[in-house]
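J.: Could you use the hints to bring the two separately framed chains together as a complex?
Protein chains in written order, with this note's numbering: chain A, 0 to 113; chain B, 54 to 574.
Since the hints were made in silico from the structure, they are not lab data.
Note that beta-carbon positions come from the ideal geometry of N, C-alpha and C, so glycine has one too.
Do not rely on the hints blindly, as some may be mistaken.
Listed below are several chain B residues computed to face chain A (Cβ distance under 8 Å; list not exhaustive) [unchecked claim]:
id, residue
1, SER119
2, TYR162
3, GLY175
4, HIS200
5, GLY224
6, GLY249
7, TYR251
8, ALA284
9, THR285
10, PRO332
11, GLU336
12, ARG340
13, LEU347
14, PRO348
15, ARG351
16, ARG507
Estimated spans, in silico, between C-beta atoms of each pair [unchecked claim]:
id, chain 1, residue 1, chain 2, residue 2, range
17, A, ALA63, B, GLN335, 25 to 35 Å
18, B, ARG358, A, ALA7, 52 to 62 Å
19, B, ARG303, A, ARG26, 45 to 55 Å
20, A, ARG88, B, ALA460, 32 to 42 Å
21, B, ASP567, A, ALA63, 37 to 47 Å
22, B, ASP64, A, ASP71, 47 to 57 Å
23, B, ARG358, A, VAL52, 29 to 39 Å
24, B, ASP555, A, ARG26, 25 to 35 Å
25, A, ARG26, B, ALA460, 17 to 27 Å
26, B, ASN554, A, ARG75, 54 to 64 Å
27, B, ARG316, A, ASP25, 56 to 66 Å
28, B, ARG303, A, VAL52, 45 to 55 Å
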Amino acid sequence: MIELVSAARCIKCDACVDACPDDVFDRTVGGIPSIARLDDCQTCFLCELYCPVDALYVSPFKDAREHVDEADLVARNLLGSYRRALGWRGIKASEVDRDLSHRLPEPDGTPWER
Amino acid sequence: MSRTREADGLDLTADVLVVGGGPAGCWAAIGAIENGASVILVDKGRVGTSGATAAANTAVIDVSRSGPARAAVIERRLARGFGLARADWIERMVDEAHVQLSRLAEWGYAFARDDRGVIYRGALRGPDYMQILRRRLLKLSARLLDHSPALHLLLTSDGEVAGATGVTRNGEAWTVRSGAVVLAAGGCAFMSKALGTYGLTGDALLMGGEAGADLSGMEFSGQYGVSHAAATVTKNLIFDWATFSDSSGRTLEGDDIFELLARHLPTGPVYAIIDKASPTIQEGLRRGQPNIFLPLDRQSIDPFRQRFPVTLRYEGTVRGVGGLTIDAGGATSAPGLFAAGDTASREPVVGATSGGGGPNSTWAIASGSVAGRSAAKYAAKLGPSAHQRGARTADQRERATGAAIDAEQAASYIPVAQAAMFPLERNFTRDAVGLQDSLARLDDATQSFRNAKRSRSDSRDRRREREIAAMLATARWICVGALERRETRGIHRRRDFPAANDAAPRSLRLRGVDEHSVAWA
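Extracted from the complex, chain B is given alone in its bound form (with noise of 0.2 Å):
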């Protein structure tokens, strides 16, 4: 255990402190302050650039309360989640969601309208979305705190979250005292640099863990995106226009894209060409979507009219569907913490299927929402006192035992976790010899992690340290999950039980960091 108070560093105090500056961060701290709290948020990159939003164009879900599309919206989720998806659940993000985008346009999101001249709330442009945000939480005077990674939660002796400690990138130290944590900072796609996700490390996954919050849904990860074979566009809206062929020029048929990619791929490269759609259609692309053409203007390829090569990038838990198991008010099981956005199981609203895109974007508005004014409630409830108890931070390489490491071995470590994650044979399908192997492979690589001594560190070795330790944690999650779930069910496909097991699945849970425990709810 170290001590909580660092020397010559930033000493802060607030009631709710929310790590992580994506949508679902910048709407827990606007709930936290609307409900009289004060607000630091950090980032470990930039609010405004930083998680997979701004560098995408995303769909949100927004049907009013009265209206028949409601109703359409919530059964299409239910037949998508294979069992796990609950309605009220589902209620609840849509009904929520729709009442903070109108505050949106209030803040200067002009909306465009459709070709009948009605608003249409069902897109968010990235950088735009995220530059309000920015702006409306200055206006709000929330303390941002940018490029200033969060690394250790503050755990009182009766194991309450009681804020954290971390680094900016000048090395400054910092610590901030608060009644409440939110932890949105999103999943974890393993540094594969599918389009926005390379911070996406499983920082807060890690955090959360160690603090005792249960996770669910880490099994429904067999989750990969479909980009330029050199490139990190992951932006797979395109593709249901596309005609795909393998080397020789003839034609790959299959009813879903991705098992068809994951057929081919592994025995030569695929190609794609955008032949079906209509100009309408190209052009709604090039007006919504001008991201997606970036890789393929720059190459000067015509997708309409020439195949280009393109691959699966794996995208983990951040276009999946598992993360820190919260309640309806964004508490996790670790007393003081809640959740939002993609570093909260969206396992209620979207099952066993992927969340990516329109349910993620519609689940950070209102899971950030939610766990921003429930954080702020319970910090109230605290009282000013909040900030003066003792708090200390879990660093478990404080006591490390071996010999020290620097920075070129430590990332050495990085390729252990993707060796598990991103191989189509051991991870879009799975067996339990693979996963097995690829568990104590992570279990060797976490203990031998874990033991080694840090060599001198700036805080971008500090930063990267705790990024692959919560890469190794969140891939054993993974694999311990996809384990114990002995059927094929949604984004977790086993090679070796390929059909669902129960009309009415259950919930897995785990929980621990070092050993895990597993329970079905």
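Next comes chain A alone, as it looks inside the complex (with noise of 0.2 Å):
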């Protein structure tokens, strides 16, 4: 679930609220968007992508809480990282020639299908 807005990077452009395709964030007059609904959140890791500051930490854990610490998830270059790992620039998609699922068959050695 998602466990952190950084007050420090946030920009308040919102564009999490507006990604989020379960309705988890709200704006807030002025602030960094709230986490709002948080059992909505379906652990995702769509809103990470649309943050153009790498602003948010979303937690792999589907229930349990995780208490994020912002400099340790820094320290271990969590912050963006998926992101990162697709080569994703905001809304111009991108990088996605650098896919190697070709690589990868079926049990049978027949093309990939899943």
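T.: This is the structure:
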């Protein structure tokens, strides 16, 4: 579930409020988005991609809360790690040509179909 | 019955209304616009991040009409369909998808090259793919209503589908009157939080059922995905290279990883280590499917060297089979109503086996494109007077006679559906006793939920209320279908009927939301 909206990094663009498919965030007046409906977070990591400043951290846990420390996340290079792994550059979809999925066959050796 | 005209809301018209903005809905909207229709697409999330595809990276079947791969693909799908997949449907699907995938490349999807330098179009990266479809729709001047769930279809007195009503998340009511409606809002995974499925609560199945459309393939839904035990990323792919073990470290053997896990998980934790992946495969997984590694990297687990606990998460009809029955043009049995993607039954293309991944993503492209074109033609035939048809919603709870319930009380119905669907002994393998018990509980819950009056509710409560009704209805269809099919076939596994009955099986058709009628076709 979403655990962090970094007040230090957030530029209040509300991109996460719009991007979230499950309506987890609320806009606030003059402030950073609030995590208003945590239970509805499906841990899909998509808000991280849409954040232009890597201010969000989604814990991988479905139910358990993970008490995260921003400095620790930065030290472990986890803020924005999904975005970097995809080579995703905001609204401009990018670097899909680095995809190596063609290497992944079905168990019987036929091309990947899943 | 409620009046269709909402006070102070959006009142819009379009030739074609598309409900749902995952791949199937986007392709349907594109197909309809290219056939001259004006289109409104509504989504309860946001077009670009909604649906199971956006959060995933999925395979897609791309074979040219003339190449040798096409025949092999069709043969393989038929073999995996346990007698219910049909060659003509698979041919139409792969041929349509092949054409549309070329256009996706023209719109900016930069397909990768394989290790020989040949363009490889057998994989789609969800976030990029959906973003490109969104951009394409905006370029074509489709009107997108994000965060605007559809709640009810509009029906004429003749039973024709003539639009829908819903709410925006800002609390505004919307009404769209249209010549035709394409339902493409996904399947139902009962809020299990399997990757990308939380919003997939069977809403379109309920709307279709209420309009009188048939469903099929609902019994082929004993479908679970493998995930880290505490996480949500249900990507089964890496487990092809896994060794499984129990808490004592003993290796667990089995040909089918799902059956292996379903056998051992009820008695204790099961662990996996991805120890059979060569460095080439490891790099392929890392760079092709980086989301697989999110739950692992974030816990500092190296899955190639360390074992980690796994579980099965229910995926329902999303990676399963069932949905609204459609004809070759995407039409349901309700006039004016079309269906595509996981909202439609994939039985003709995958038979009794999971459509998960490649088949379903290929189906989304093909069935979406076809349904959009057909809906545009249907609307054109009706002409501009289509929007003048008198139409109403069939809102059962308007007539509720029971006590009022609040949002929290409403939410207490969700575990009733989940208790029938999630437990492996209820739904991975099934028997008549368990199914009848589930069905009785679901029937009671449905009755009581329907009789409960709404307390003061905002747009989020109204959305959730319909999601709950849809999950209850979908769970009932699954139980009814599973009880009716007294055999084991594909992902419908009956402990009390462990063998398949017939080499030439028939399809099971369900109709009705309150009372169910059942027919074999």
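J.: Each hint should be assessed against the structure and marked as holding or not.
T.: Each hint, compared with the structure:
| no. | hint | result |
| --- | --- | --- |
| 1 | SER119 | violated, 17 Å |
| 2 | TYR162 | holds, 6 Å |
| 3 | GLY175 | holds, 6 Å |
| 4 | HIS200 | holds, 7 Å |
| 5 | GLY224 | violated, 13 Å |
| 6 | GLY249 | holds, 5 Å |
| 7 | TYR251 | holds, 3 Å |
| 8 | ALA284 | holds, 5 Å |
| 9 | THR285 | holds, 4 Å |
| 10 | PRO332 | violated, 11 Å |
| 11 | GLU336 | holds, 6 Å |
| 12 | ARG340 | holds, 4 Å |
| 13 | LEU347 | holds, 6 Å |
| 14 | PRO348 | holds, 4 Å |
| 15 | ARG351 | holds, 5 Å |
| 16 | ARG507 | violated, 20 Å |
| 17 | A:ALA63 with B:GLN335: 25 to 35 Å | holds, 28 Å |
| 18 | B:ARG358 with A:ALA7: 52 to 62 Å | violated, 35 Å |
| 19 | B:ARG303 with A:ARG26: 45 to 55 Å | holds, 53 Å |
| 20 | A:ARG88 with B:ALA460: 32 to 42 Å | holds, 39 Å |
| 21 | B:ASP567 with A:ALA63: 37 to 47 Å | holds, 40 Å |
| 22 | B:ASP64 with A:ASP71: 47 to 57 Å | holds, 52 Å |
| 23 | B:ARG358 with A:VAL52: 29 to 39 Å | holds, 34 Å |
| 24 | B:ASP555 with A:ARG26: 25 to 35 Å | violated, 57 Å |
| 25 | A:ARG26 with B:ALA460: 17 to 27 Å | holds, 21 Å |
| 26 | B:ASN554 with A:ARG75: 54 to 64 Å | holds, 55 Å |
| 27 | B:ARG316 with A:ASP25: 56 to 66 Å | violated, 44 Å |
| 28 | B:ARG303 with A:VAL52: 45 to 55 Å | holds, 48 Å |
Checked against the numbered hints given earlier, the structure breaks hints 1, 5, 10, 16, 18, 24 and 27 and satisfies all the rest.
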